[in-house]
Structure formats: structure tokens, C-alpha cells
Amino acid sequence: MSKHPLLQVKNLHASAEGREILKGVDLTVNTGEVHAIMGPNGSGKSTLAQVLAGHPAYTVLAGTATYEGKDLLAMKPEERARAGVFLAFQYPVEIRGITNSYFLRSALNALRRERGEAELDPIDFLQFLEQKLKAIGWDDSMMNRPVNEGFSGGEKKRNEILQLAVLEPRLAILDETDSGLDIDALKTVAETVNKLRSPDRSFLIVTHYQRLLNYITPDVVHVLADGRIVKSGGPELARELESRGYDWLRDGVMVS
Amino acid sequence: MAVKTGSVERLVGSYHAWATNGASRVPVWLKDLREGGIARFGDLGFPNMKQEAWRFTSVAPIAEGAFELAKAPARIPTLEDIRPFLLFEAGYRLVFVDGFFQGSLSTPFFDDVQSLAHVVTHRQDLVRQYLGQYAVTQDRPFSALNTAFVSDGAFVHVPAKATIAEPIQLLFLSTGGKPVMTHPRNLVVLEREARASIVETYASLSEAKGPYWTNTVTEIVVGDSARVDYHRVQRESPRAYHVATTQTHQGRDSTVNLHTVAFGGALARHDIGAVMAGPGGTLILNGLYLLAGEQHADHHTTIDHAADHCESHEYFNGVLDGKSRGVFTGRIIVRPGAQKTDSKQTNNNLLLSADAHADSQPQLEIYADDVKCTHGSTVGPLDPRALFYLRSRGIGEHEAQRLMTYGFAAEILGRMEVAPLRAQLDGIVRRRLAEQ
Numbered sequence: 093m094s095k096h097p098l099l100q101v102k103n104l105h106a107s108a109e110g111r112e113i114l115k116g117v118d119l120t121v122n123t124g125e126v127h128a129i130m131g132p133n134g135s136g137k138s139t140l141a142q143v144l145a146g147h148p149a150y151t152v153l154a155g156t157a158t159y160e161g162k163d164l165l166a167m168k169p170e171e172r173a174r175a176g177v178f179l180a181f182q183y184p185v186e187i188r189g190i191t192n193s194y195f196l197r198s199a200l201n202a203l204r205r206e207r208g209e210a211e212l213d214p215i216d217f218l219q220f221l222e223q224k225l226k227a228i229g230w231d232d233s234m235m236n237r238p239v240n241e242g243f244s245g246g247e248k249k250r251n252e253i254l255q256l257a258v259l260e261p262r263l264a265i266l267d268e269t270d271s272g273l274d275i276d277a278l279k280t281v282a283e284t285v286n287k288l289r290s291p292d293r294s295f296l297i298v299t300h301y302q303r304l305l306n307y308i309t310p311d312v313v314h315v316l317a318d319g320r321i322v323k324s325g326g327p328e329l330a331r332e333l334e335s336r337g338y339d340w341l342r343d344g345v346m347v348s
Numbered sequence: 081m082a083v084k085t086g087s088v089e090r091l092v093g094s095y096h097a098w099a100t101n102g103a104s105r106v107p108v109w110l111k112d113l114r115e116g117g118i119a120r121f122g123d124l125g126f127p128n129m130k131q132e133a134w135r136f137t138s139v140a141p142i143a144e145g146a147f148e149l150a151k152a153p154a155r156i157p158t159l160e161d162i163r164p165f166l167l168f169e170a171g172y173r174l175v176f177v178d179g180f181f182q183g184s185l186s187t188p189f190f191d192d193v194q195s196l197a198h199v200v201t202h203r204q205d206l207v208r209q210y211l212g213q214y215a216v217t218q219d220r221p222f223s224a225l226n227t228a229f230v231s232d233g234a235f236v237h238v239p240a241k242a243t244i245a246e247p248i249q250l251l252f253l254s255t256g257g258k259p260v261m262t263h264p265r266n267l268v269v270l271e272r273e274a275r276a277s278i279v280e281t282y283a284s285l286s287e288a289k290g291p292y293w294t295n296t297v298t299e300i301v302v303g304d305s306a307r308v309d310y311h312r313v314q315r316e317s318p319r320a321y322h323v324a325t326t327q328t329h330q331g332r333d334s335t336v337n338l339h340t341v342a343f344g345g346a347l348a349r350h351d352i353g354a355v356m357a358g359p360g361g362t363l364i365l366n367g368l369y370l371l372a373g374e375q376h377a378d379h380h381t382t383i384d385h386a387a388d389h390c391e392s393h394e395y396f397n398g399v400l401d402g403k404s405r406g407v408f409t410g411r412i413i414v415r416p417g418a419q420k421t422d423s424k425q426t427n428n429n430l431l432l433s434a435d436a437h438a439d440s441q442p443q444l445e446i447y448a449d450d451v452k453c454t455h456g457s458t459v460g461p462l463d464p465r466a467l468f469y470l471r472s473r474g475i476g477e478h479e480a481q482r483l484m485t486y487g488f489a490a491e492i493l494g495r496m497e498v499a500p501l502r503a504q505l506d507g508i509v510r511r512r513l514a515e516q
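Keeping their order, the protein sequence lines are chains B and U. Numbering-wise (our numbering), the first sequence opens with residue 93 and increments by one. Numbering-wise (our numbering), the second sequence opens with residue 81 and increments by one.
Honestly, I wouldn't trust all of these hints.
Chain B regions said to be covered by chain U (calculated; three or more residues, Cβ under 8 Å) [unchecked claim]:
(1) 145–151
(2) 165–172
(3) 175–184
(4) 188–194
(5) 316–323
Going by beta-carbon spacing under 8 Å, a handful of chain B positions derived as facing chain U [claimed, not checked]:
(6) SER198
(7) GLN255
(8) ALA257
(9) LEU259
Not close to chain B: a few residues of chain U, all C-beta gaps over 12 Å, as computed [as the list claims (entries may be wrong)]:
(10) CYS453
(11) ASP463
(12) LEU467
(13) GLU477
None of these hints come from the bench; they were simulated from the model. Remember, it's a predicted structure, so these values are computed and weren't measured experimentally. Quick reminder that beta carbons are idealized off the backbone N, C-alpha and C, glycines included.
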């Protein structure tokens, strides 16, 4: 299967609260590829992830983002999700009074409706869920609790990965999923991602640290600094960043 | 807003006409109780908005409504008519229509689950010991007025160590044909180590189109190590006026789980008082108000930690649409000596429209030093972060809003243990949200 671009971002500028954060991002992710976006704090990594998912707090000032040949930026967040875009949140949100199980089934059924498939009833859904839960080391007790309410930081991140496994997106964007995770949780996340790697699924992994990339080998590593991608390379770039930090790149941007 | 004095005199007049007429053949102690009630009401009159406890709620429509005592129910409904309000047909049940006990629709249990009018004469000593001893009337004109008109209501008595397994249903229906007032008076007594679950429902029959006024008082006395799961559902017609007092009194190591849901009424005021009189008691106060249009609901709760080592958890959620208004006042008193009190209060209000309004007032009065008391309240629209989270999972914007609003209500309903009640209320919430 020959590679073709799943996501093409060209000269993307975006702002929040009147401040420009993305200042011309260019990025192409082919189907089946795993891309890592690294960069110092405040470089715009999370903004890029949120803009691609359609967060209403950000305004796109210029540029384009094409997903499967369609104008991604013209789509509502729910339309993007139904088309196969998934964002694992850096700070997952609590939904009071709605159980994890109900939430996940509603989301899955929204996607199934879009694909013209029959909706799953609660019993079928629980069966479907069983193996997904096993993969992240959970039993269904986590499913009867309100979404993310009272979850520890690690549980919230696992919950994001569970959603990823259930919703089976074509483009999975992980926004600092590794931050705040202990090593066991990190390995679980990596294992789940590795299992989901497939020729027709792509990943965009936003991370500050190289740590997660010890377990998930990316095809391409990008460095985002001051709202632009300043360097791209193979997995070795991540290791170089780990040992040298980001300053040498920032300096590079300043002199160029 | 000033209330005309004429309305107080009119009610006092109605009382005297009633008391000298059919209601005269009662024990002396009850007559005294009533006389005390009407005298108090005459002194207090209707509350006005200058009074702290009534700052946000005007009772002028009640005072000026010229409500009369009903002489008889406008119509006796059939079992078929009341079925939508029943959780199940088995179990004990007391049904009242326009304030009058309906034996043919009820399934009482000897003199333990019975109409108050019956036990007032048949179990005088027991009733006398409790009736009117807990719901204070000093500064409570509506409780005083209810006490003046005490004649019927529900009586539940659970003897020591006994358990009534099935929830007892107390159903108060209004026909709403004429502008009548009813003053249901309920007394619930659980002796030590007794256990019961009770569902008290106020509703209007389908034909209830006009205004009517319910002014009810329920006293719940819970003995040492007893437990009651008390559920109160207010689903009066949108034109009804509903004023209620629920007063609990707990003994040592007892448990009260008090759930209350307010869906109906043009104007609804519910005063909940909980006295934790013995050490080691546990109280859960779990409430929901779901309002739309021009509905106004005012909840006034007072938890009185009078003994040490008691725990109280209070959760009230309000969902306000249209031009509705929700008022919540949560007063917690920790008396000197009530050490190791653990008290937690939250009141969250969801505003679904720009014209909806909520007032939330916590009032903590703490006179002991070794206690844990926390409170928190919120008033605001749906959380945009949560909305985006749901949409990012493929759930459409409108559905996401509905889901979050439902969750706000479900959080409260989820604490109730009676599954058929939860299902009934869940259905009402879903129907209400579907209309929005």
C-alpha cells in the first residue's frame, strides 16, 4: 500500500485571546505513520493539537488543514471526530452525572451512525468493551463512575487511551498523554498505541519529553518552536533533544 | 412586596368557621395544638421580602389568591388515574385527594401506616407524643398555619427493630378544579433500630388547570440506630403554589437519607430542617430542582448539629431554564460541644438561559472548634470545556448539551436507592429536557 497524505497542514496561523500562537505550521502526516511533535513549553504544541480537533477557543488566522482531502478547518469538532480524528486531551474534563460507560457508548454510537452501522445497546457494548478494558488493565468498575470525576491523573490518561481504543480513529492526536504518568502507566499507554498502529491509522504524538518515544518509535520527529516547525528528522532527533535540550534550536531560530 | 393584612384575617376567619363546624369533635390536646397554630399565624402573618428568610421569594400570589378549604375532593380518581404516579402496586400506600384520605385507593397497614385522622383518635398517646413537637412554628407562619388546620395526612410508625422492606408510598393529589388550599400533615416515627423507605409525592391530576395551594408539613422522628430513606417528589402543576416543611429529628447512630426533587409549581418553597440530636448520626440531604418558564423554587435547609460525631452531606443541584429562578439557602449550625462534626455542603446551579437566575447562600454557624465543615456553590452555564470534550468524541452540540444537563440531574437521582423511583424521575427529567 503506497503512502498518501492523511493530514496536510500548510502555513497554519492561529491565535487565542488575541495572541498569535501558531505562526505558520507546515506538516504532512501520511497514512500509517507515527509523528512526534516535540518542543519547549509555550511553543504551541498543544495549540496545534487543539486547533486540529476544532477547539472553539482558538481562531485560525491563516493557512489550511486538509484531512482525507477535505477542509478540516471547516468542520465542526463532532464532524471531525466522526470522520476519524481523535484528540487525547492533556487535561481530560469531568462530566458530572454521566457514567464513563454511557459516555463512551454515546460516542461510539455517534460514530457508528455516521458509518451507517447499527448502534450498540448497553449489553452488546459491554461485551465489546471487555477486551478493550483488559488491554489497559481495568475492570468495568471504572465504567460506572462519572466521566473522569475523582479519577487520578494517571486514570484520566488511561481513560483517554481507552477512548482511543474504543473509537478506533484514523488520526489519533495525543496531547502530552505521557505527562504525569508513572512508568507502568506510560508502558500501558505505549503498548496500547503500538497495538493500534496499522497501515491505515496515523498518530500525532505531542510530547515535551522523549520518554514516551522509548516505547513508541516514531517515523518522524518534528520540533516546534515559537509556533513553527523548525526541524524534522527521524527517531534519533528525539534522542538528540533529550541530551541537548531545546536551547540550541531556539538559538538556531533566532540567528536564521 | 407588602402583603395585605386582609388575607391573614380571612384565613383566621376560615379557621374559626372550620374549627367550630365539622372539625370540633377532636381531642382537647389537638384542639390546643390548632389554637396555638392559628394564634401564631395571626401574630406572624404572611412573610415579606424584608425578612432574611424570604429575601428572594414573594408569597403575595398565595396571600392574595383567596384560597378556600375544600369541603370534599372535586372528584375521586380511579386506580387507573393514579397509576402514573405509583411506583408499584404492591406495598403499603396512602392516597389523598385535595387533602382527603382515600381508603379505596390506599393499602394501609393496621395502625402503623394509616391516615393521621384515624390514628389521632385510635393511637392518641403515641401521636400526641410526637405531633407538633419537631416542626417549629415560632418564626414559621406556614408551619403555624398548617398546624392550625391539622386534620389529615400520612402517619407511619415503625416499631423498634422492625423493617418495612418495600418503600411506602404517600401520594397527595390535587384536582385543581377550584382555588382550594390543603394542609396535609404527616408524621413519621421510626423507633430505635427500625428501618423504612418512604416516597412522598405531591402531584396534580391531569385535569388540574387552575391554581391551588398546598401547604404541607412532615415531621420525621428517627430513633437511635434507626434508618430512614425518605424521598420527596414535588411535581405539582405549573400553576400550583407549594409550601412545605420537612423536619427530621435524629437519635444516636441513626441514619437519614433525605432526597428531594422539585419539578413543579409556579411558586414552591421547601424548608428542610434536620436536627442531629444524638451522637454518631449520619445525614444525607440530596436535592434537585428542575425549573423552566417562570417557575420559582426556594429551598431553605437548616442542618443543626446538636451532638458530637455526626456527619452530614448535602448536595443540591438546580437546573434552570427560561425565566425561572432557583433559590438555595443552606444553613449549617454546629452547636457548642458538637465536636468531630463532619459537614459538607454543595449547591450547583446550571443556567440554561440568559434569563434564568439562581441565588445560592451558604450560612455556616460554627460554635465548636474540632470540626470539619466545607461548602461550595456554583452558578453558571454549561462548562464550555466539557462541551468541547463531548463534541470532540463525535457527540453533536445539541446532544452534548442535553447529555450534560441530564448528568447534572442524574448526579442527584443516582444517589437514590429505590430503582423504580429513580426510573420514574429519570423519565420525567428526560421528557423535560426533550421539550427544551
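Evaluation of the provided hints:
no.: 1; hint: 145–151; verdict: holds (count 5)
no.: 2; hint: 165–172; verdict: holds (count 4)
no.: 3; hint: 175–184; verdict: holds (count 4)
no.: 4; hint: 188–194; verdict: holds (count 3)
no.: 5; hint: 316–323; verdict: violated (count 0)
no.: 6; hint: SER198; verdict: holds, 6 Å
no.: 7; hint: GLN255; verdict: holds, 7 Å
no.: 8; hint: ALA257; verdict: violated, 13 Å
no.: 9; hint: LEU259; verdict: holds, 7 Å
no.: 10; hint: CYS453; verdict: holds, 21 Å
no.: 11; hint: ASP463; verdict: violated, 7 Å
no.: 12; hint: LEU467; verdict: violated, 9 Å
no.: 13; hint: GLU477; verdict: violated, 7 Å
Comparing the model with each numbered hint stated earlier shows that hints 5, 8, 11, 12 and 13 do not hold.
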